[in-house]
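Q: Sequence:
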Amino acid sequence: MSSEPKPPTDEIKLSDHFNFRRLLKFTFPSISMVVFMSVYGVVDGFFVSNFVGKVPFAALNFIMPFLMLLCFIGFLFGTGGGALIAKTLGEGDRVKANRIFSMLVYLSIALGILLMIFGMLKLRSAAEFLGARGELLEMCMRYGQIALFGLPAYVLQSEFQILFATAEKPQLGFYMTVAAGVANIVLDAFFILALGWGLEGAAAATALSECIGGFLPLIYFARPNSSLLRLTKTSFDGRALIQTITNGASELLTSVSMSLVGMLYNWQLLNYAGSDGVAAFGVIMYVNFIFVSIFIGYEVGASPLVSYNFGAQNFAELKNLLHKSLTLISAFAVAMFLSAELLARTLSMIFVGYDADLMALTVRAFKIYAFSYLFSGFAIFSSAFFTALNNGFISAVISALRTLVFEVTAVLTFPLLWGIDGIWLAMVGAEVMAVIVAALFLYFNRKRYRYW
Numbered sequence: 314m315s316s317e318p319k320p321p322t323d324e325i326k327l328s329d330h331f332n333f334r335r336l337l338k339f340t341f342p343s344i345s346m347v348v349f350m351s352v353y354g355v356v357d358g359f360f361v362s363n364f365v366g367k368v369p370f371a372a373l374n375f376i377m378p379f380l381m382l383l384c385f386i387g388f389l390f391g392t393g394g395g396a397l398i399a400k401t402l403g404e405g406d407r408v409k410a411n412r413i414f415s416m417l418v419y420l421s422i423a424l425g426i427l428l429m430i431f432g433m434l435k436l437r438s439a440a441e442f443l444g445a446r447g448e449l450l451e452m453c454m455r456y457g458q459i460a461l462f463g464l465p466a467y468v469l470q471s472e473f474q475i476l477f478a479t480a481e482k483p484q485l486g487f488y489m490t491v492a493a494g495v496a497n498i499v500l501d502a503f504f505i506l507a508l509g510w511g512l513e514g515a516a517a518a519t520a521l522s523e524c525i526g527g528f529l530p531l532i533y534f535a536r537p538n539s540s541l542l543r544l545t546k547t548s549f550d551g552r553a554l555i556q557t558i559t560n561g562a563s564e565l566l567t568s569v570s571m572s573l574v575g576m577l578y579n580w581q582l583l584n585y586a587g588s589d590g591v592a593a594f595g596v597i598m599y600v601n602f603i604f605v606s607i608f609i610g611y612e613v614g615a616s617p618l619v620s621y622n623f624g625a626q627n628f629a630e631l632k633n634l635l636h637k638s639l640t641l642i643s644a645f646a647v648a649m650f651l652s653a654e655l656l657a658r659t660l661s662m663i664f665v666g667y668d669a670d671l672m673a674l675t676v677r678a679f680k681i682y683a684f685s686y687l688f689s690g691f692a693i694f695s696s697a698f699f700t701a702l703n704n705g706f707i708s709a710v711i712s713a714l715r716t717l718v719f720e721v722t723a724v725l726t727f728p729l730l731w732g733i734d735g736i737w738l739a740m741v742g743a744e745v746m747a748v749i750v751a752a753l754f755l756y757f758n759r760k761r762y763r764y765w
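If you count the sequence shown from 1, position 101 lands on 414 in our numbering, and the numbers rise without skipping.
Hints listed in this document are in silico derivations from the structure and should not be mistaken for laboratory results.
Just so you know, these numbers come straight off a predicted model, no measurement behind them.
Ideal placement from N, C-alpha and C gives every residue a C-beta, glycine not left out.
There may be inaccurate statements among the hints.
Derived DSS-like pairs: lysine-lysine, alpha-carbon spacing no greater than 30 Å straight-line [said to hold, decoys possible]:
#1 435 - 326
#2 680 - 326
#3 435 - 632
#4 637 - 546
#5 632 - 409
#6 435 - 367
#7 338 - 435
#8 326 - 546
#9 338 - 637
#10 409 - 546
#11 367 - 632
#12 338 - 546
#13 680 - 367
Each pair of labels, with its calculated beta carbon distance range [to be verified]:
#14 551 - 680: 44 to 52 Å
#15 757 - 540: 51 to 59 Å
#16 405 - 550: 45 to 53 Å
#17 426 - 324: 32 to 40 Å
#18 447 - 644: 41 to 49 Å
#19 628 - 434: 47 to 55 Å
#20 552 - 763: 40 to 48 Å
Construct the entire structure; sequences and hints are all you get.
A: Next up, the structure:
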């Protein structure tokens, strides 16, 4: 008879033992939540490209990295704070966990407002610095000035997206995301098709849907609820904040780096292919959001389990979670690569089927870029795994090398060898190097954390 602990048959707890079925059941709401969030984020691009025009579509994608750069607080506090909160829960101190949770949420609101104001003041200079001129610049301004009003809510939305799993309520996080996503789709159709607001309508739809995604969870956690977390009275805890920032340093670097690298991609593409190159990259990024969100959603769901068991010193379960996660990541990687190769033309047609030359450029780019999916999930999970172990330094090194070093180097040098194809190959090369680095860190730290 097996001595393996039997998990309860009802609601899944952080303290349970996880087989493949149970692990997928717990992480599936987080995966679905992030995927759906990515899907409704793509809606703006679909409506703008098909019903407003190619140049407005390029403008939306051109200014988006700057807007996303301003949202780093939500990802930083969600990931870094989630790891600390789950570890604290694993240690049995729920009161302290709620104090940390409350402090981070209140700080997020204040910082989100400050970042919105900063974005308003720097929007034009940022677009000009990145190379936007004439019509492209003005359209960047038209979209960005309205979209920035939703930034404080988006900071909260991205933070709660991670913390719902920590609170043992990943399903509720998914429902909140669906509500925001449906609102965005409906409002995009209404503002763009019915009212004819064009680019401004897309921005307004996004900002309003972000308010739903950010403020509904705020109301939930402010009231008595059945989750592990609730907003309470708190005080400033500098030590917890520093640990949160340290834990979340990798997510901060990833968020900032993705925005900076996105700007660099746009700059290179303007030089090699003009606005068509920017538009093609925009299509790839939209589809990429959906594909990579499977990896991100999995690590969002699995990270609290790792942190909790690390805090509880349950090393057998820690080993179990790592081994099963690497197996699942491998399956996801192969499935996404094959899907991307098979669906490249169909997915490209959804956005740019009206322009034959742009369509051909996008399909070729997508087929090259798809090879990155064979490697990206391992680097993403490895970085998140060390964050969950409250080792923000290693996590940050993996993220920094992956995005700031490997990808920047590749996107600057590969085009010199292979022209525009080198831009699409840059991500593949960066992900291969990142996986090698991640594997080395996992190997050399196996005895320290006893997960192997």
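Q: If a hint holds in the structure, say so; if it doesn't, say that too.
A: How the hints compare with the structure:
1. 435 - 326: Answer violated: residue 435 to residue 326 is near 45 Å, above 30 Å.
2. 680 - 326: Cα-Cα ~41 Å, so violated.
3. 435 - 632: violated, 47 Å
4. 637 - 546: Given that 30 Å is the threshold and the Cα spacing comes to 39 Å, the pair is violated.
5. 632 - 409: holds, 27 Å
6. 435 - 367: The hint holds at about 25 Å.
7. 338 - 435: Not satisfied, since the Cα-Cα distance of roughly 44 Å exceeds 30 Å.
8. 326 - 546: holds, 26 Å
9. 338 - 637: holds, 13 Å
10. 409 - 546: Holds. Residue 409 to residue 546 sits at ~11 Å (cutoff 30 Å).
11. 367 - 632: Violated, because 50 Å separates the two Cα atoms, which is more than 30 Å.
12. 338 - 546: violated, 34 Å
13. 680 - 367: holds, 22 Å
14. 551 - 680: 44 to 52 Å: holds, 50 Å
15. 757 - 540: 51 to 59 Å: violated, 37 Å
16. 405 - 550: 45 to 53 Å: Given range 45 to 53 Å: violated, Cβ gap about 18 Å.
17. 426 - 324: 32 to 40 Å: holds, 36 Å
18. 447 - 644: 41 to 49 Å: holds, 47 Å
19. 628 - 434: 47 to 55 Å: holds, 50 Å
20. 552 - 763: 40 to 48 Å: violated, 26 Å
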